[in-house]
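Chemist: Take a look at the letters that make up each chain.
Protein chains: 2
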Amino acid sequence: MNKLTEEEITFYMNEAIKEAEFAKMIDEVPIGAVVVHDGQIIGRGHNLREHSQDATTHAEVLAITEACAFLNSWRLWDCQLFVTIEPCLMCSGTIINSQLPAVFFGARDPKAGAVRSLYTVLEDSRLNHQVEVVEGIQSEQAAQLMKTFFKEIRQRRKKTK
Amino acid sequence: MNKLTEEEITFYMNEAIKEAEFAKMIDEVPIGAVVVHDGQIIGRGHNLREHSQDATTHAEVLAITEACAFLNSWRLWDCQLFVTIEPCLMCSGTIINSQLPAVFFGARDPKAGAVRSLYTVLEDSRLNHQVEVVEGIQSEQAAQLMKTFFKEIRQRRKKTK
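First to last, the protein sequences are chains B and U. Quick note: the first sequence uses the numbering used here, first residue 115, plus one each step. Quick note: the second sequence uses the numbering used here, first residue 115, plus one each step.
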């Protein structure tokens, strides 16, 4: 893959964080993702599970589907995915199936993360595709969005009890 | 879940095999799936990766998305998924995320299967959802469809060389 500069990595992760903020605005778990190809964002997504009532609508899946449509190819070669939180099994599998060469993520998800926390599927040499992984990009901002979101939900629940 | 009779299990797997045959007719890898709710098929899908050029369009994902739309819920409680071949990581993750309680599959996929072959993610007690798995339903028919498909592809490639 083309090596990205630190400035570029920060820029694209900030775009993923913007997507997470869009999710937060509509009361969805604040996770955002973008797919980059030749320096251009060709796919964007934020978690939409409650609005869509479709279990597949995580940020990464939506961004990957949009990128596939843009390139008219299920193979996302020469692309990078930026996502605020460590991908789950579904999203990691989608990353592998789209043959994305590189993933940058923010904070780990100890309960469902399949890239570093519970599994390391993106680097499994038994599969027919391996992914370069960089973690910890703007991780505090990404994690803070999640913490604030769940704290607010708990407070709202207390009020309605 | 409601216990299904052997006849019912055979009937639904035959419907999944029909879906796999639809995929074969249009030169897609022949894998099919159906989602059943209260005895009714509420989601169907066959692999459409080449036609859609979208990495997410495996049989299981399409069947689950259709079932979510039917129930207007991302939670596929009281549902069963029938799929001809062992689900990959993406599809297994989608099954977990939709909280499907039961999966019936035909033949194993030793290269990418995430339910029995490479991983056993549907029964991972660390995740917040576990799935009852039954394998080996009409497995010979499911496997034969795949074998014939890849044999024909190899023969076509030889001819064009």
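Worth flagging that the hints you see were computed from the coordinates, not collected in a lab. One or more hints might be untrue.
[What the hints assert, rightly or not] When the alpha-carbon atoms are kept at most 20 Å apart in a straight line, the in silico DMTMM-like pairs for lysine to aspartate or glutamate are as follows:
| no. | chain 1 | residue 1 | chain 2 | residue 2 |
| --- | --- | --- | --- | --- |
| 1 | U | Lys-117 | U | Glu-129 |
| 2 | B | Lys-225 | U | Asp-238 |
| 3 | U | Lys-261 | U | Glu-237 |
| 4 | U | Lys-117 | U | Asp-192 |
| 5 | U | Lys-225 | B | Asp-238 |
| 6 | U | Lys-138 | U | Glu-237 |
| 7 | U | Lys-138 | U | Asp-238 |
| 8 | B | Lys-225 | U | Glu-237 |
| 9 | B | Lys-265 | B | Asp-141 |
| 10 | U | Lys-225 | B | Asp-141 |
| 11 | B | Lys-272 | B | Asp-141 |
| 12 | U | Lys-261 | U | Glu-180 |
Predicted, not measured: the structure shown is a model, and the values here were computed from it.
Chemist: Hint by hint, say whether it matches the structure.
Modeler: Hints versus structure:
This hinted pair checks out: Lys-117 of chain U and Glu-129 of chain U have alpha carbons roughly 19 Å apart, not beyond 20 Å. Using a Cα cut-off of 20 Å, the hinted pair Lys-225 of chain B and Asp-238 of chain U holds, with the two alpha carbons roughly 12 Å apart. Between Lys-261 of chain U and Glu-237 of chain U the alpha-carbon distance is near 28 Å, which puts this suggested pair outside the 20 Å criterion. For the suggested pair Lys-117 of chain U and Asp-192 of chain U, the alpha carbons sit about 11 Å apart, so the restraint of at most 20 Å is met.
Under the criterion of a C-alpha separation no larger than 20 Å, the hint pairing Lys-225 of chain U with Asp-238 of chain B is consistent with the structure, at around 12 Å. For the proposed pair Lys-138 of chain U and Glu-237 of chain U, the alpha carbon gap of about 31 Å is over 20 Å, so the pair is violated. In summary, the hint linking Lys-138 of chain U to Asp-238 of chain U is not supported, as the alpha carbons are separated by about 33 Å, beyond the 20 Å threshold. Among the hinted pairs, Lys-225 of chain B with Glu-237 of chain U is consistent with the structure: their alpha-carbon atoms are about 15 Å apart, no more than 20 Å.
For the hint linking Lys-265 of chain B to Asp-141 of chain B, the alpha-carbon distance of about 13 Å falls within 20 Å, and the restraint holds. A distance of roughly 39 Å separates the Cα atoms of Lys-225 of chain U and Asp-141 of chain B; the hinted pair therefore is violated under the 20 Å criterion. Annotation: proposed proximity of Lys-272 of chain B to Asp-141 of chain B holds, straight-line Cα distance about 17 Å (limit 20 Å). Between Lys-261 of chain U and Glu-180 of chain U, the direct Cα distance comes to roughly 28 Å. Violation of the 20 Å bound is thereby established for this hinted pair.
Of the numbered hints given earlier, the model fails hints 3, 6, 7, 10 and 12; all others are met.
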